[in-house]
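The listed protein sequences derive, respectively, from chains A and B. Here the numbering used here is used: the first residue of the first sequence is 21, the next is one more, and so on. Here the numbering used here is used: the first residue of the second sequence is 21, the next is one more, and so on.
Treat the hints with caution; some may be incorrect.
[What the hints assert, rightly or not] DEER-style ranges, computed between Cβ atoms:
hint: 1; chain 1: A; residue 1: Gln57; chain 2: B; residue 2: Val87; range: 37 to 47 Å
hint: 2; chain 1: A; residue 1: Gly91; chain 2: B; residue 2: Gly81; range: 51 to 61 Å
hint: 3; chain 1: A; residue 1: Gly91; chain 2: B; residue 2: Ser67; range: 28 to 38 Å
hint: 4; chain 1: A; residue 1: Pro112; chain 2: B; residue 2: Gly81; range: 13 to 23 Å
[As the list claims (entries may be wrong)] Partner residues are not named here, just some residues of chain B that face chain A (Cβ under 8 Å, in silico):
hint: 5; residue: Ile27
hint: 6; residue: Ala30
hint: 7; residue: Gly40
Don't read these hints as lab results, they were simulated from the structure. Here a beta-carbon is modelled for each residue, glycine too, at the ideal position from N, C-alpha and C.
Number of protein chains: 2
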Amino acid sequence: MSLNSQIFLAYIAGFLDGDGSIYVRAKPNTSYRYGYQIAPYVVFFQSTSEAKFPDLMKQIGFGKMRVRNDGMYEYTIGKHEELVKFLTDIMPFLFLKREQAKLMLEILEDKKQVQSSKDFVLLLEKIEQFRTLNYSKKRVKRTLTP
Amino acid sequence: MSLNSQIFLAYIAGFLDGDGSIYVRAKPNTSYRYGYQIAPYVVFFQSTSEAKFPDLMKQIGFGKMRVRNDGMYEYTIGKHEELVKFLTDIMPFLFLKREQAKLMLEILEDKKQVQSSKDFVLLLEKIEQFRTLNYSKKRVKRTLTP
Numbered sequence: 021m022s023l024n025s026q027i028f029l030a031y032i033a034g035f036l037d038g039d040g041s042i043y044v045r046a047k048p049n050t051s052y053r054y055g056y057q058i059a060p061y062v063v064f065f066q067s068t069s070e071a072k073f074p075d076l077m078k079q080i081g082f083g084k085m086r087v088r089n090d091g092m093y094e095y096t097i098g099k100h101e102e103l104v105k106f107l108t109d110i111m112p113f114l115f116l117k118r119e120q121a122k123l124m125l126e127i128l129e130d131k132k133q134v135q136s137s138k139d140f141v142l143l144l145e146k147i148e149q150f151r152t153l154n155y156s157k158k159r160v161k162r163t164l165t166p
Numbered sequence: 021m022s023l024n025s026q027i028f029l030a031y032i033a034g035f036l037d038g039d040g041s042i043y044v045r046a047k048p049n050t051s052y053r054y055g056y057q058i059a060p061y062v063v064f065f066q067s068t069s070e071a072k073f074p075d076l077m078k079q080i081g082f083g084k085m086r087v088r089n090d091g092m093y094e095y096t097i098g099k100h101e102e103l104v105k106f107l108t109d110i111m112p113f114l115f116l117k118r119e120q121a122k123l124m125l126e127i128l129e130d131k132k133q134v135q136s137s138k139d140f141v142l143l144l145e146k147i148e149q150f151r152t153l154n155y156s157k158k159r160v161k162r163t164l165t166p
């Protein structure tokens, strides 16, 4: 594959649209100010029998590979600055998951602006929108650390 | 997504590498000369909850969509001439499934040259190579119609 960047970004956008995942979790964690850790992820999956997959992911330039117990590779981009760069770069080429990418960028931006628990509640509501976009039917009720 | 063709082909190659399938089946069928129908497929899968998927596949310009009972879209390119055009076009951008694409093009070419059951046996052996490339452990023993 050519490393010409437009071509590579289009390829990676297709890969992510086909088999990847873009989501943000609000993990209950009392050591955080408002009782939740905001954890954003872009994840690529592939069977470990696909030997060239790690080389491919390495070309992205950041992110972390792990091998799951069920024999799947899981390549995760989780650092906020890296996600902003990555999503901004592939955005023009995304087709199926563009809404998720936009929503994540909004959340990452909003998160920096949070100044009150009211702001944080709005942020949690935005995170809830991923459930609709990613078509999960389950909704959770969240309560902030009092 | 831009319809600029290099960009679109790179995107589709990424989509296929991420979640698609390239394979050839030799289906036992006594109405065929050597007892097998050679059936090549490129298949894209996606949940039917991914509403934009049919629009995306339509841009390829050929192939057929069907909805499986398990709620998955399955988009199949199965016509020989279309497969030759499609695979030749995306070949430069494939990374994980390039070997499968090359093997299919070879098989489609060899199939046109078959003149004896000896040629056909060699073709079947080539088709067997998909099992190795696609990491299935199962091998089948084939016998030609006598």
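The hints, checked one at a time:
Here the CB-CB span from Gln57 of chain A to Val87 of chain B is close to 39 Å, well matched to the stated 37 to 47 Å. Checked against the given bound of 51 to 61 Å, the beta carbons of Gly91 of chain A and Gly81 of chain B, roughly 36 Å apart, lie outside it. The hinted range of 28 to 38 Å is not satisfied by Gly91 of chain A and Ser67 of chain B, whose Cβ atoms lie roughly 22 Å apart. The given range of 13 to 23 Å is respected by Pro112 of chain A and Gly81 of chain B, whose C-beta atoms sit roughly 22 Å from each other.
At about 5 Å, the closest approach between the beta carbon of Ile27 of chain B and any beta carbon in chain A falls short of 8 Å, and the interface hint on this residue holds. Annotation: interface hint on Ala30 of chain B holds; nearest CB of chain A at approximately 4 Å, less than 8 Å. Because the beta carbon of Gly40 of chain B sits about 7 Å from the nearest beta carbon in chain A, less than 8 Å, this interface hint is met.
Consistency note: the structure conflicts with the earlier hints numbered 2 and 3.
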